[in-house]
Each structure stands twice: as C-alpha cells, then as structure tokens.
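**Q** The residues making up each chain are set out below.
There are 2 protein chains.
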Amino acid sequence: MKALKEKILQEGRLIDNHILKVDCFLNHQLDPQMIQAIGNEFASRFADEGITRILTIESSGIAVAIMAGLALGVPVVFARKKKPVTLEEQVYHSEVYSFTKKEQVDIFVSNDFMEHTDRVLIIDDFLARGQAALGLMDIVRQSGASLAGIGIVIEKGFQDGGRILREKGIRLESLAIIESMSCEGIIFSENA
Amino acid sequence: MKALKEKILQEGRLIDNHILKVDCFLNHQLDPQMIQAIGNEFASRFADEGITRILTIESSGIAVAIMAGLALGVPVVFARKKKPVTLEEQVYHSEVYSFTKKEQVDIFVSNDFMEHTDRVLIIDDFLARGQAALGLMDIVRQSGASLAGIGIVIEKGFQDGGRILREKGIRLESLAIIESMSCEGIIFSENA
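Chains as they are written, first to last, in the numbering used here: chain Z, 14 to 205; chain V, 14 to 205.
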C-alpha cells in the first residue's frame with residue numbers, strides 16, 4: 014500500500030535500529046484519514062471472502078479494525094487482555110507471549126461474539142513473531158468459525174511471523190512488509 | 014441521541030441491577046455503523062469549538078474517538094495504561110482510580126502529541142465517578158492545552174462524575190444519561 018509506505022518513511026522513527034516507532038499515526042496518536050484508508054484497503058482485499066466478523070486485539074488493532082468493519086459492514090470484536098468484570102464465564106481464552114515486553118498475556122473473547130457459522134478476518138497493526146495472530150487464530154478455532162485470513166498493517170519481514178503463518182496456508186495480507194531497517198533507512202519488500 | 018438510547022434498550026443488559034453491559038456494540042464487540050453515528054454526533058456537537066486534537070483512553074474509547082476524529086479532521090491520541098517500551102522519557106503522566114476494578118492505573122501520553130496551542134476534546138465511552146475524565150483533564154492541563162469539552166457515550170447519571178465535571182464549568186456532552194436502572198428497566202434522563 015503505497016500511501017502507507019510513504020507515511021512510514023515520512024513519519025516513522027527507528028529506535029536502536031530494531032524498533033520502528035509509528036506512534037504518530039498508528040500506535041498512540043491516530044491519523045483518522047490514514048487509518049480509514051488502511052481499513053478500506055483490508056475491506057477491498059478481503060471483499061470476496063464472505064467475512065461476517067472481524068477479530069482484533071486491544072489496543073492498537075481497534076482503530077484499523079473498526080474502519081475495516083465499517084467498510085465491510087460487519088461487527089468487530091476485540092480480544093481483551095484482562096477479563097473484565099462484565100465478561101461472564103463463557104469465554105474463549107488463549108495466551109500470547111510478547112517478546113517485546115517479555116511477558117505472557119491471557120486474551121479473552123466472549124462466546125457470544127464468535128460462532129461456528131462465522132467467517133472471520135483477523136486484523137492487527139504489527140506482525141513480528143506472530144504470537145498475537147496465533148492466539149487470535151486459536152480463539153477462532155475454539156469457536157468453530159472459519160478463518161478467512163489475516164490483515165496486518167506492518168509486517169516485520171525480517172522476523173519469522175509471516176513465514177510461520179504463510180506455511181500454514183493462511184491468507185496473509187500485509188500492507189507494508191519491512192525487509193530491513195538500519196541507520197541507512199527502511200527497506201520495504203517488493204511483495205506488499 | 015435517540016438511536017443510541019434505542020440501541021441500549023434493545024441490546025444492553027443489566028447485571029445485578031448495577032452494571033450495564035453494552036459489550037455487544039460498544040465495549041467488546043463494536044457495531045461500526047453505530048460507532049460512526051456516535052462519532053458524528055460528537056463532531057456535530059463540538060463543531061464550533063475549534064478542536065485540534067481528541068484525547069481518549071485505551072481501550073473502549075478508541076473506536077468512538079477515531080470516528081469523531083475522522084468527522085472533525087483532527088488527530089486522535091489515546092492515553093496508554095502502561096508505558097510502552099517505545100514511549101520515550103518525555104511523557105505526561107496521571108493516575109486513574111477504577112472503582113469497578115478497585116485498582117489505580119497510571120496513564121501516559123507522549124509530550125509529542127499534546128501541545129500548549131491545542132484545543133482538546135476528551136472522549137470516553139462511560140462516565141460514572143469521573144476518574145478517567147479527571148485523569149485525562151490533568152494531562153491536558155500539564156500540556157498547557159485548552160480543554161474544549163468532554164464527550165461521553167453513556168453517563169451514569171446516578172453516580173457523581175457528571176455533577177463533578179459540570180460544577181467545574183466544563184462543557185460535558187453525554188449522548189445518553191441513565192437516571193436509574195433496575196429490574197424494572199433502564200430510565201434515561203431527559204437532559205440528553
């Protein structure tokens with residue numbers, strides 16, 4: 014997605030050559046026009062998949078997912094990282110290990126919002142080692158729903174999450190794939 | 014906001030007569046069309062305020078805030094409840110006590126995304142005791158920005174958050190104010 018790559022080059026910042034900081038438009042501050050364009054792009058790429066529900070994870074996935082949901086006309090569910098007091102007993106539960114934060118988090122989705130008849134699109138902001146995507150896929154599997162594919166805003170192509178998911182035969186659409194980042198700059202893969 | 018009140022009556026559920034569960038369209042699953050209508054309503058009510066930035070708090074405020082930001086054409090910042098590794102030293106920090114969870118959480122906003130020249134609209138999904146709103150207001154105050162007002166989706170009128178904020182002279186726009194809820198149903202205030 015050309016506009017996204019340009020935005021990353023213009024506004025992204027590298028920290029210690031291995032963390033890409035895009036919190037000026039995606040992770041902390043949100044640029045609504047860009048987020049909508051990203052949501053529309055996911056909707057367009059998955060338009061033929063018969064999506065009935067979008068699944069993401071709090072917090073950074075929510076903005077992109079709701080824009081995709083608006084374009085596709087389907088509800089969006091965000092997995093919770095803490096079980097809220099209002100969430101009842103009947104939940105799907107999985108675990109996600111964060112290499113960045115070096116901690117394991119539990120994720121929860123109410124049984125009410127994922128059914129075996131659903132065709133689910135998973136959306137998230139980043140793909141690195143693929144842990145969040147695998148946790149969300151586990152929840153889709155528990156519900157008996159079918160997985161249409163995964164939409165990622167920025168894939169770190171130099172980490173193994175993308176390879177792991179593609180080898181499982183999953184339709185993975187990353188809008189920007191970063192091949193490498195260093196003091197010399199960010200290089201995108203030709204494959205996105 | 015009539016459509017919102019109807020949605021609450023149709024899809025909201027009372028738990029133990031004191032917790033309103035609206036996670037089918039606002040807190041866990043999101044109804045994109047309704048969320049957009051809510052965002053548009055905030056944009057319309059604050060259209061004359063010269064808003065330059067919207068401030069909300071993760072996670073449930075994000076979806077509504079981005080729709081308001083899209084309609085107003087301004088960036089949206091969501092306060093973080095944990096300080097991410099990518100967030101640098103220069104942050105505004107405040108504290109929010111959650112009566113529901115019985116815990117204090119720290120909230121953070123990068124200095125980069127709130128300036129003294131900003132005119133800020135705070136948006137959140139619920140207003141009960143007003144703790145989150147007060148924490149966000151504290152961050153606006155630290156930045157030197159001016160506060161245009163606060164937009165709330167559902168105000169619990171039987172708790173004191175609304176009174177506290179209005180007594181401070183703050184422009185508070187709640188799209189639905191619940192006067193009471195019990196086994197006999199939900200009664201809305203005439204003031205919203």
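Hints should not be assumed to be uniformly reliable.
Which copy? The list can't say, so a pair holds if one copy fits it or any two copies do.
[To be verified] Calculated lysine to any residue pairs in the SDA-like style (CA-CA distance at most 25 angstroms, straight line): (1) K20 with F171; (2) K20 with G148; (3) K114 with E19; (4) K15 with E108; (5) K94 with C196; (6) K34 with K96; (7) K15 with R58; (8) K95 with A16; (9) K94 with D29; (10) K96 with E62; (11) K114 with E203.
Hints were generated in silico from the structure; no laboratory data involved.
**Q** Could you run down the list of hints and mark each one as holding or not?
**A** Status of the hints after comparison with the structure:
no. : hint           : result
1   : K20 with F171  : within (20 angstroms within a copy, 46 angstroms between copies)
2   : K20 with G148  : neither (29 angstroms within a copy, 31 angstroms between copies)
3   : K114 with E19  : neither (28 angstroms within a copy, 42 angstroms between copies)
4   : K15 with E108  : neither (34 angstroms within a copy, 40 angstroms between copies)
5   : K94 with C196  : neither (34 angstroms within a copy, 31 angstroms between copies)
6   : K34 with K96   : between (29 angstroms within a copy, 14 angstroms between copies)
7   : K15 with R58   : within (15 angstroms within a copy, 35 angstroms between copies)
8   : K95 with A16   : neither (34 angstroms within a copy, 30 angstroms between copies)
9   : K94 with D29   : between (28 angstroms within a copy, 24 angstroms between copies)
10  : K96 with E62   : neither (31 angstroms within a copy, 38 angstroms between copies)
11  : K114 with E203 : neither (30 angstroms within a copy, 47 angstroms between copies)
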